[in-house]
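Asker: This is what each chain is made of:
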Amino acid sequence: MNMAFNITVDERDVALLGAIQDGLPFSERPFKDIGKALEMSEEEVIVRIERMQSNNIIARFGLVLQHRPLGYRANAMVVWDVPDDKVDKAAKSITAHDFVTLCYCRARRAPVWQYNLYCMIHGRERDVVEKQIAILNNDGLAAFPSKTLFSRRRFKQTGARFSKPPEIERRCT
Amino acid sequence: MSNPVTLDDLDRKIINALQGGFPIVDKPFNEVASWFDIDTKEVITRIKALLENGVLSRFGPLYNSERMGGAVTLAALNVPQERYEEVTRLVNAHTEVAHNYARTHPLNMWFVIATETPEQIAEVISQIESETGLQVYDCPKQREYFIGLRLEA
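Each protein sequence line maps, in turn, to chains B and Y.
The opening position of the first sequence corresponds to residue 171 in our numbering, with each subsequent residue numbered one higher.
The opening position of the second sequence corresponds to residue 21 in our numbering, with each subsequent residue numbered one higher.
One or more of the hints may lead you astray.
[Claimed, not checked] Derived SDA-like pairs (lysine to any residue); straight-line CA-CA distance at most 25 angstroms:
#1 K61(Y) - G205(B)
#2 K317(B) - A244(B)
#3 K202(B) - G40(Y)
[To be verified] Pairwise CB distance ranges (calculated):
#4 V217(B) - Q101(Y): 45 to 55 angstroms
#5 D251(B) - D59(Y): 48 to 58 angstroms
#6 I64(Y) - G310(B): 46 to 56 angstroms
#7 E164(Y) - V184(B): 20 to 30 angstroms
#8 L30(Y) - D203(B): 44 to 54 angstroms
#9 P195(B) - G74(Y): 18 to 28 angstroms
#10 P281(B) - E164(Y): 19 to 29 angstroms
#11 S146(Y) - E209(B): 37 to 47 angstroms
#12 Q284(B) - N112(Y): 39 to 49 angstroms
#13 A266(B) - N36(Y): 20 to 30 angstroms
Rather than coming from a laboratory, the hints here were simulated on the basis of the structure.
All residues carry an ideal CB built from backbone N, CA and C; glycine is no exception.
One chain only, chain B, in its complex shape:
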């Protein structure tokens, strides 16, 4: 979603984001321990993290899985070329299915790339993923030109990182 505004984070937020980017200490009171180096109380750390979660600055706090050690080898990016005025409706029918992990509308790059609606399906078995794609197409998308791009190899999956604290960097898609 393109945001028309940016949420303000103050210097203490940025310092905190830098301190937790590689994860929490495995201690009984990790937020207290993080706070020590930043001269923040445990309560301040918790309040700031909660606020940044509710502002969606921290999209999610928890585990980030590598797909492949868990056997998720069939990672499909499915794309459709949907007229702009029909794309919201098409996206709605895609996201109604719980096997879909991501769904976006992106800019086309005609003539090389005509597709604008994307969804990701992460599966363990390719034939299962192919059936799931067929379900999507039967559910109103078959009329639109489509391609499925399975991933062959993964070269990099670093996830969200700060380039060097305290600068703010990225988000994992």
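Got chain B; can you put chain Y on it based on the hints?
Answerer: Just chain Y, lined up with the frame of chain B:
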């Protein structure tokens, strides 16, 4: 490329529960332990082991850089097969490239670029173009309908 790792039921339960979020409370590992009626040490040992064996790439926050003025895009290249390794090295050498997948299409390399400002996206793209001699197809996001990337362990 790692092989599938054997997980027991408790590993799976911990992973599935924590993918949705981590308790932001003073004793979070105790709280997680209480969900499964195990002790805190067990939770910590399990999470550490999952990080070590590569099931988890991270245990921590995912930032939404767009909310702070940053930018993210998905870009693609049509890389000649004989240059694939070389181009992979050139692309991944950019710290702004967050992940990179080979995919089954003439546009056979797809990667995410994330930068601290929107202007830097164009800079990274033009650097990659001049280093590789290939045209980068930039497909910026126009609308986001769903991000639920959670996998059953």
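Asker: When the hints from earlier in the document are held up against this structure, which numbers fail?
Answerer: 8, 12
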